[in-house]
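S.K.: What follows is the residue order along each chain.
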Amino acid sequence: MKLLQLLRILLLGPRVTEKVEIPKTPEDAEFEKVGEEVKEIVKNLYGGRSLRIRAVDAGSTNGEEIELTALNNAYYDIDRFGLSFVASPRHADMLFVSGPVTRNLERALKTTYEAAPQPCIVVALGDGAIDGGIWKDSYAVVGGVEKVIPVHVKVAGDPPRPVEILRGVLSALRSQENN
Amino acid sequence: MSQLIATLLQAAFVIAIAPFMSGIVRMCKARLQGRKGASPFLPYLTIATLFKKEMVISEAASWVFRAVPFVVLATSVSVAFILPLLFVGGKLASLSDFLIVGGILMIGSIFLVLGGLDPGSAFGGMGSSREMTLAALVEPIIIMIFATISFVTGTFAIDGMVGQSLIWAHPYLLLSVVAFLFVALAENARYPVDNPATHLELTMVHEAMILEYSGPYLAMVEMASSIKLTVFALLLSNLIFPSTVLGAAGVGIVSIATAFAYGIVKVVIVAALLALLETTIVKMRFYRMQEYLSIAFITALSGMVVAIFAVYAKIGITYYAMFGALAVFFVIFLFGHARSQAMLRYYALSSLAIAGIALSLSFIKEDEKTHLWIFALVTIAVKSILVPRIIRSAQKKYKDVIDPRSFLRPASSYFIAVVILIATFFILENTPIVGLVEYSSLLYASIALVALGLATMIIHRNIFSEIIGLLVIENGIAVFTLVTVQSLPLLVELGVFIVTAVSVFILSILSARIRELHGSADTEQLRKLTE
Amino acid sequence: MDVNGIIYGVFVYFLALALAAALSLSGKYLKKAAALFVGANVIGFITGAIYLARFSSEQIVLARWEWLFHFSPTLSFLPAIFFTLISGVAALVGVYGVRYLELYEKTYDQSSTQFLTILFVLGMQGVLFANNPFAFLFFWEVMSITSFFLVMADRTQESARAAFLYFIMTHLGASAILGGFLILGGGSLFFDFSQLQAASQAVSPALAVLSFLLFLFGFGSKAGLVPFHVWLPEAHPQAPSNVSALMSGLMLKIAVYGFLKVVFSFVGLPYWTGLVVIVLGLLSGIVGALYAVVERDMKKAFAYSSIENMGIIFTMLGVSLYVMQRSSSEEVVVAAAAITAFAIFHAISHAIFKTALFLSSGVVISRVHTKSLEFMGGLAKILPVFSFAFLLAILAAGPLPPFSTFYGEWGFIQNMIGLLHVTSLGTSVSIVLVTTLSFIGLIGGLAIFAMVKIFGISMLGLSRAEHMEKRAEKTDIFLVAPILTLSVAAIVLGIFAKSILASLLAQRASLIGQVSPVPFLSGLSSASVFFVLAFMLALVWMVKNYFAKEKLERSYQTWDCGQPIDSSMEYTATAFSAPVRFFFLRFLGRDKVLKSQPVVATNPWIRKYVFVFSIRSVWKDKLYEPIAKILNTLAQRLRAIQSGRIQYYLLLLLATLIITLIVVL
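If you read the sequences in order, they're chains A, B and C. Residues in the first sequence are numbered from 1 upward in steps of one, following my numbering. Residues in the second sequence are numbered from 1001 upward in steps of one, following my numbering. Residues in the third sequence are numbered from 2001 upward in steps of one, following my numbering.
Some hints here could point you the wrong way.
Unchecked claim - Just a few of them, taken from the derived set where beta-carbon distance is under 7 angstroms, the chain B residues facing chain A: (1) His1199; (2) Glu1207; (3) Leu1211; (4) Thr1279.
No lab work stands behind these hints: they were computed from the structure. Computed from a prediction, not measured in an experiment: that's the story for all the values here. Yeah, the Cβ is synthetic: ideal placement off N, Cα and C, and Gly gets one too.
One chain only, chain A, in its complex shape (with noise of 0.2 angstroms):
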């Protein structure tokens, strides 16, 4: 039967991400450091509090999206760390912007900032966010995010690794605790 194999899979498969099964990187030890700190500082950011990320697309070249689908993954899970992604920037406490904001995106960006409720962190993530990377100067293009809403935190990289997201959340975070 397809059903009792599928529930032996689910119930006695291995666990992804557990730590003893794969071989991990420093890397992997990394995010694992950086996810617990992201978790203590969510934690104690306004008092006992979860994370509620709305990722917004403005002309990137999903580059960054995918990078984002493997946070949400079975081997990065940020699920545990209680970060979560949402469907609507009414329930975002943060924005992960990407792409280098093109001149049609520009309004829709705009508009998903100011749908979301302060206080609201804004996170640009790739360099075509912080600038317009490789689309620097083009006519097409605004060019950086930070010319259409205020940015809290800049992830370089094209794409940035996960691991660097997540440590881009955490200064994000942290600047937020000192404020």
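For chain A, the structure is supplied; the task is to place chains B and C on it using the hints.
M.R.: Below, chains B and C alone, put in the same frame as chain A:
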């Protein structure tokens, strides 16, 4: 006084544990997917966050939008107060009339729908339309389920229903409980009706309506849906295990502690099962909901019919009658499916139920014990295992990408099946044969099987389905002989089984050949052969 | 106050109505006439309420006018309920009418509309006081003809057609009732209603069945039972909204009253007659609810909802008739009597909420100037108080707990489950009961869907209307106040449902000779339902305010993935009901036409698409059109006789004479 305390404690418990329930479902799902997942206490943190955040209210929204979270949460909370979740016979037990509870939940749904429509976005409208459709079509199912239970227990209050041992004394009520499970999944927007974790607006039902809410209002709406989920989880487990609910009169420290412990255990178990369900099945397309809901309705209706039958025919709790009902029940599902794989599965299950009839008869007819045992075993071997294998292997070679569709849509065929059942019932009522036989309830089952088998052959277009229809008719005749002919020589019966197996073999080989030669198993296409 | 007080009250009521009618006809004192109309109805309401409270067991003969066709107006319990209801509701509609007719000065002729409205109410009340078929039919006609003129009050082509259809149907119905009475009375129309029972026993069984069928058609067509309903969704919406409210809220109740009064006096009808009533009732319920869901015209949707509610009431009455015919054991008879009590209660609630709904539709239409739901929306922001009242009326229309409508269906469902226990009724009865049960559930669900759709699309979201009048709500206070009163009345009736039902049950039980009142099947208290719900709402409100003290709020445009949003992106009424339309495609007719043509003749790829979607009435297509076609062909055949030559007609005359002589001799 103790009743009041019990009610207050129960509501406090349910409200307090509700976020934990949603959290633990999420955690179990993550574990089943091989992830570590978030802590089950995360929803508490989320709600605390939301209560301190700013709210962004849509410019198009009116006062209705602001009233919605209050009303929705109030309906959920009042249900947590009213229903017997930890203690039975609480202060508000008289309000737990099933129509009142259904109505209160309906008010919650209505306001959620209005909240989705008020900001004027297309997503909200879509979610609202879907939610309202589900809420409207679930209504007759709820009424049918609780009408059955109240018919059996003689009380209209859910409090009284939970107070009695239901499915242990009346096994056929299992059908109603299963239907209630269907309803609970639909009401709480879980799989297969809705995907609670989706980020795609077009697949949303519940989530699409609350896209506009933020801050404290969002917290209230999320809290309301968690409470509703917890309430349904506790109620469902209380219907199945009534002994886990304690009496409200004279609560003491011990009984409170026990009730809380039971409550936590029930919540965790139901959450784990829900997570398992959500990882093993897929979400249904919304426009297939009519099929889902009609299955739920037919299940609830079967429960009602069997309950009435049990009262009128004074059958009492006989296992053979239950197995007879099950045999017919599976054939109804067979009738509604177009895929011959699914049909074979239900045929096997129906045959299993017939074996069950023989087994339960063997406890009554002591003198024919061995005979009936052999009958049951051979039935399982031949009809549940051998025959489906033969047909499947014959089909395997030239598997159609799409099975030919039957002439009727699934939902309509279920209702046709019910009409056929009622018709057989009326015909048999007026024939003198009923009084003559000892096990008249099985007689109904056998005639119903024959009629349904015939109908299966009529409405299906696949030649393999025709074979299955024939087999269902044969099953009906087998039940008939079981009832009427007291003891057939063993040799003759075994002969019948061999003939069945062999004829299925020949028929499926022939069908496979036809399929191979003409490139289609559709009887409509095969009509050309006559020319 | 004694019995004479009641008599005086009723006479003052009727005289004041007549005076108000005369005043409005003169055209000078319209405002005064309207005030007099309202005052008269208040007097009527008080009189009726006192009668119900103090003298409900007595039958009061107000006068004996033997010279006036043996008309002696009589007041007894059942008519008094409807009398009180009609005068109370009519008073509120009267208040509403003042401002409403002012708004539509140009559309309607004020003095004649008001005159006809008053006469219409007079006709309805007259039917209740009738003591013999003649008076009954006289007032029935007053009611029908005045409403016929009111339907075409705006003098447009469309309403004239609707009015004509209404005229035909209502007169077919009236003649059926006339026929039924003639059969019962053996050709006489002057027998007293107290002899109905004896009369039904005196005629032969076949004739009794025939007269039952005539009455069923007569009252059923007035009540809008499917398949005699075609006129209702045409005629009710065409009238001015205050008259629609009277027609849908009150006139249909007169049909229920007539059915209860006449058909329940019959003795010894075969059991299939009850079954026929159940089938018609369920059919009306399901068809009415489905069409209310898919309908895009607001007032038509309300009219379909009336059909649905009439269906529920007739189902209740049918079940009551059916089980009484199947068994005469005590528990069955008691349950049957209880079901009629719940049916009456449902009729009362329907009168209240449906009047409120039609009055609300008038307010909405006066703002957006269209009946189509597709062009409404966004009214809740301009009219907060009205939208609250309308929302209450909408919730009252679905069977939902704190409202009175719920308790009618609640009692019905419980009694049906109770009847399932009576094994002596036999299995066929239980099959009928289970089928009815599941249909009632479905009808209730669909009715709620329809109501939520109407409110959600018309009041919420962004405005789709081209010219929406944004005048302040204060100017329309006379429009809003009656609606709010009616909505609150639905709640109050819900709070006191238990005690009101108890007295109704006792009354129905005494009719069948039961001394002890019919017990409730459930220990539920209707007042506590309301108070628990209200308490929970207050509790949630307090807790929320405790936890989120500071109000951090910001207003921003609706989230739609970052693009500018306008009302064309909203879900429309058609889209909202799409799933239900899809699920019940077999029961609904629809036309989908997709036409496309190239924009530039040389390029076939750039095309302009036109999509037309319309909902058709299956009943018109499958039932009425064929009948009309057959009649037409018959008429065509008959035309052969009409040659236009006078000699030919004389020949026909001679032939008729000869045939008659042959038959007679």
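S.K.: Checked against the structure, which of the hints given earlier come out wrong?
M.R.: The structure breaks none of the hints.
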